[in-house]
Amino acid sequence: MNPAIRKSGRTATKAGAKIEERTLENGMKVLLVERHFDPVVAVMLWYKVGARNENEREAGVSHFLEHMMFKGSKHFGKGAIDLVTTQLGGSNNAFTSSDHTAYWFELASDRWEKALEIEADRMRGLLLDPTEYEAEKKVVLEELSMGLDDPWRNVTELVQTALFPRHPYRRPVIGYPDTLKGLSVEHMRDYYARFYHPGNATLVICGDIDSNEAFASVQRHFGSIPRGAEYAVADCWRPNATEPLGEQRVSMTWPDDGKRLCIAWPSAKVGSKEDYALDLVSMLLSGGRMSRLHRRVVLEEGLAVSVSTQNDARVDDGAFWVFGECSLGTAPAKLESAIDAEFARLRDELVPLKELDRAKRMLAAGEAYASETVSDLAEEIGEFATDAHWRLALETIDKIRRTDADFVRETARRLLTPNRRVVGWSTPRTENARKKRSLGKKSTRKRA
Amino acid sequence: MSQTLPNPTKHVPKLVLPIERFELSCGAILLVSPRPSAPVCAVYAHIRGGPAFDEKGFEGSAYLVGALADQGTQKRTEDEIANVLEPAGGEIAGDAGGLAGTIVNEEWELLLELMCEQLVTPTYPRIHFDRQKRRLLDRLRVEKDDPRTQGGLLFRKLVYGDHWLGRAAYGTIESVGEIGPAQLRAHHAKNWVAKRAVIAVCGDVDPKKVARTLDKLLARFEPGTAIVTSVPKFPQRETRVGVFAAERQQVHVHLGHLGITRNEPDYAALVVMDHVLGTGPGFTNRIARKLRDEQGLAYTVSANIHGSAGILPGLFSAYIGTSPEHVAQALRGFVQEIRLIQRELVATDELDTAKDYLIGSFPLGFERASRRASYMTSVELHRFPADNLERLLAQFAAVTREDVRRVAQKHLHPEASCAAASGPLKKRDLERALAKAVAT
Chain F
1173 MNPAIRKSGR TATKAGAKIE ERTLENGMKV LLVERHFDPV VAVMLWYKVG ARNENEREAG
1233 VSHFLEHMMF KGSKHFGKGA IDLVTTQLGG SNNAFTSSDH TAYWFELASD RWEKALEIEA
1293 DRMRGLLLDP TEYEAEKKVV LEELSMGLDD PWRNVTELVQ TALFPRHPYR RPVIGYPDTL
1353 KGLSVEHMRD YYARFYHPGN ATLVICGDID SNEAFASVQR HFGSIPRGAE YAVADCWRPN
1413 ATEPLGEQRV SMTWPDDGKR LCIAWPSAKV GSKEDYALDL VSMLLSGGRM SRLHRRVVLE
1473 EGLAVSVSTQ NDARVDDGAF WVFGECSLGT APAKLESAID AEFARLRDEL VPLKELDRAK
1533 RMLAAGEAYA SETVSDLAEE IGEFATDAHW RLALETIDKI RRTDADFVRE TARRLLTPNR
1593 RVVGWSTPRT ENARKKRSLG KKSTRKRA
Chain B
50 MSQTLPNPTK HVPKLVLPIE RFELSCGAIL LVSPRPSAPV CAVYAHIRGG PAFDEKGFEG
110 SAYLVGALAD QGTQKRTEDE IANVLEPAGG EIAGDAGGLA GTIVNEEWEL LLELMCEQLV
170 TPTYPRIHFD RQKRRLLDRL RVEKDDPRTQ GGLLFRKLVY GDHWLGRAAY GTIESVGEIG
230 PAQLRAHHAK NWVAKRAVIA VCGDVDPKKV ARTLDKLLAR FEPGTAIVTS VPKFPQRETR
290 VGVFAAERQQ VHVHLGHLGI TRNEPDYAAL VVMDHVLGTG PGFTNRIARK LRDEQGLAYT
350 VSANIHGSAG ILPGLFSAYI GTSPEHVAQA LRGFVQEIRL IQRELVATDE LDTAKDYLIG
410 SFPLGFERAS RRASYMTSVE LHRFPADNLE RLLAQFAAVT REDVRRVAQK HLHPEASCAA
470 ASGPLKKRDL ERALAKAVAT
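Residue numbers (the numbering used here), protein chains in the order written: chain F, 1173 to 1620; chain B, 50 to 489.
Chain F on its own, in the form it takes in the complex:
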C-alpha cells in the first residue's frame, strides 16, 4: 500500500489531507478534505448528469443548463454569483462532460461558506428566465462555432460518432446547432428538476477547513432540500454497449497542410482492472520521450510532428485514443502503419519489467501534481466520487502497481485490436479537391 494513504472506514488521508465522507439525510454525499497548507478552500458540487443522460433531441442540454446556472436563482439574480464571488476575491467556473457536471469555487478560508449558500440556492431555485435563456442560447451557439473552427475537435467528434453507434457518448457534449435551437426553456426546466437535487449530487470541500464545522454548515444550507427523483427514474434509456463489427474509417478535409490522425477503441469503465492497465498502456506508448510511440514515430522515423494517447475511461465503457500529426513529407499510411506495429507489439509481447516499472513510476509521480492545489485535489476526488467511488482516488496508484505485464498484454489483445477501432483522418483540403470536389464534406464508410 502507498504509505501516503491510510484508510479506515469512511476516512482516509492523501497528499497531506484528511478525507472524510458523510451523507445528509436527503442523500447528498459530502466529502470533507481537510488540508492546511494555504488559507484557501475549493468547493466543488458535482451532479451525476452529462451528455450520457441526454436523448437525441436534447443533445447539449446538460452543457446549456450549466451556462444557465449562472443566470439567476431565487436569491442570486442574474450576474450575482459572479459579482459575489468577485467581491470575495474568489473564482468560480463550471464544466460538463459525458458523465457529470461540476461547479467550482475557490475562496479564501475565512469566506468559503458563501459558495454553499450559492450552490444551495441554485440547486433548488434556478430561475431559468425565458429572456435570459434565449440570450444565453446565442452564446452557446457561438461557443459551438468556435469548436467547429478546430480541426482536432472535428475529427475527434467524427471518430466518436462512429465509435458509439447508438450510445449517447456518440454526441458532442455541446450538442448540435439544431438540437440547441430546438430546445425550449420548459424542457430545460424539466431536465433540471430531474437531475439537480441532493440525491444526485456530491459536494467536495477541500482545503483550510474544520471538517465538523464545515459539515454543520452544509447541513444548514442543504439539509432541508428534498432528495428528488431516483436516478434510474430520471435517467434516459441507453442501449448496452455492443461489440464493433469491424474496423471503421472516417475522413474529412481541412483547409491547411495538416494531416491529423485520430484512432479510438471502445475501452473500459472507470475503476475497472482494464482502466488501470490502459493507464499503463497510455504511459508506455506516449508518456515522455522514451515512450514507444513518441520514440518511434517522432524521434526515430520522423513520421509525426507529435503523437499522444489517452485512456478516457467513463461510467459506461469509454474510449482509448491515439492522436498523431503527420510530418508534412510523410504519407498518412506510413504513420498509421508504424502506430499499428506498436499496438501489435503490445498484443504480441510482454512488456519488459524495466519498462513497465518506469511507466508505473511516472504514473505514481503524477500524483504529486494531481494534488498540488486544493482545487486539483477536489477535482480528482469529486470526479471519482461521481463516476464510481471516491476511494479510487486513493487506490489508483496501488492498483496500477499491482497490474502486471501479463494483464497489460491480455487487455491489449482483448480491447486494442484492429477490428474494434475507428480510424479518422483529417487531410489537406487541396489534396482531396483533386480527387473529388466535395470540399468540407465528411464521409463515413465501414470496413468489415
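No lab work stands behind these hints: they were computed from the structure.
Among the hints, a few may not be true.
If you only want the chain B side, here are some residues facing chain F, beta carbon under 10 angstroms, derived [stated by the list, open to error]: (1) Glu287; (2) Val290; (3) Gly291; (4) Ala295; (5) Gly345; (6) Gly409.
Source: prediction; values computed, not measured.
Glycine included, every Cβ here is placed at the ideal spot set by N, Cα and C.
The hints should help you fit chain B onto chain F, whose structure is shown.
Same frame as chain F, but now just chain B:
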C-alpha cells in the same frame, strides 16, 4: 525615501511568501522560496534578453537555444536525460526566456543538476537538431493557415512593426530554415551567461543548501557580461488595419495599440481599470457583460492592458471571437465601452468590486510552486522591493474613481487603434466597421 502606504480596506488572509536572495559565485542571481510540505518543486532559470538577441535573418535562434537544450549536454545524451528525469516525474521545457522545470519535491537536487547541465553545456547535436527543426518547420507550415494564430501575429505586427515583439519568438519558415547548430552554439555562448541569469527555486527545500548546490553545479557557468538595453522604437500610434482571410465559422478580432511597461506608475490604477472594463471575472467586467451576456455576440471576449506589461511595453488589446455578421457590432461595443470609461467616473460599487477582487484573490494564485518561481523571477527582473506584494495590495486599495478615469484617458486611444481580423471577413469591411465605430 520612506513612504506611508495606505492599508487595504478589508481584511484578507495574509500571503506568506518568504524569498531568500543569493548572488552565486558565477554571477547568477538565485532566489529561493521554501514551501514546507510542497509536493512539487519548481525551478525557473531565466536568461535576460531572449528574442531581442536574434540576429537578422536567423529569427527564432533564441527560442531554439532554449527549446533544444535538452537534446544533449556534454555529460549526457538526450536519452540519458530522459531516463533519469521522467521516472522521477520531472519535466524541463525551454524557450527564448530560458528553462523551466518541475519535479516531485524529493528529487529537487536531480532537477537542479539536469537544468544546470542544460544551462551551461548543451551540445545541440546535428542529428537531433535537424529532427527538431523539421518538426518546427512542419508546425509553422500548418500554422500559416490557422486564423487564430495568424490573427494574433498580424495584430502584433500592426502595433510593434519591425521590432522583435512584432513577430513570433519561434521565428518564421524562412528564418528557421537558415538556422543551424552553429548559430545556436554561438547564440548560447554569447547570451546564456551567468550575469544574465536569474534562477528561482520553490519547494520544500533549504535555501542555503540550494545555494551551495548551485554554486557547485554552476562552477563552469561563464560570467559573461550583463545585458545592455537600448530604447526600443515602435511605429507611430495611428489606425492600421489588417485582415487574414480564411473560410471559417468565426472571425478573431483584435483592437488596440501599444500598452505599458510593468514599471508604469499608473500600473495599479490600470489593473483596476482593466477589471472594470474587460478582465473582471465572469460578467463583472463591462465588455463581457455587454457583448457576451446582453448581446450574445461571443463565448470569448476580453480587454486588457496590464497583462502583457513587461520590461518592454505590452499591448492594449480588446479581443472577440465572433460570427462575421457581428464584427461591426463588436467593434462598436469595444469603442463605446472604452469611451465611456474615459468620459464618466466608474460607479463606486464597480470600483469596490474590482478592488475587493484584486486584494482578496492574491493568496489564491500562489498555491503552485511554479507560480511562486515565476513571481520571484518577476520581482528580480523588475527590481521590485521586498514588500512588493503588500505594497501592490495597498496601491490597489488606494485607487479612486478619478484615477480610473484619468488612466483610461491617458492610456487608451480608440481613435488611433490597430485592428486585426482573421477569418471570413474582407479588409474593406473591417475598415468600414472600424471607421463607423470610431465615428459614432
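Now for the hints, and whether the structure bears them out:
no., hint, result
1, Glu287, "violated (31 angstroms)"
2, Val290, "violated (22 angstroms)"
3, Gly291, "violated (19 angstroms)"
4, Ala295, "holds (7 angstroms)"
5, Gly345, "holds (3 angstroms)"
6, Gly409, "holds (2 angstroms)"
This entry does not satisfy hints 1, 2, 3, going by the numbered hints stated previously.
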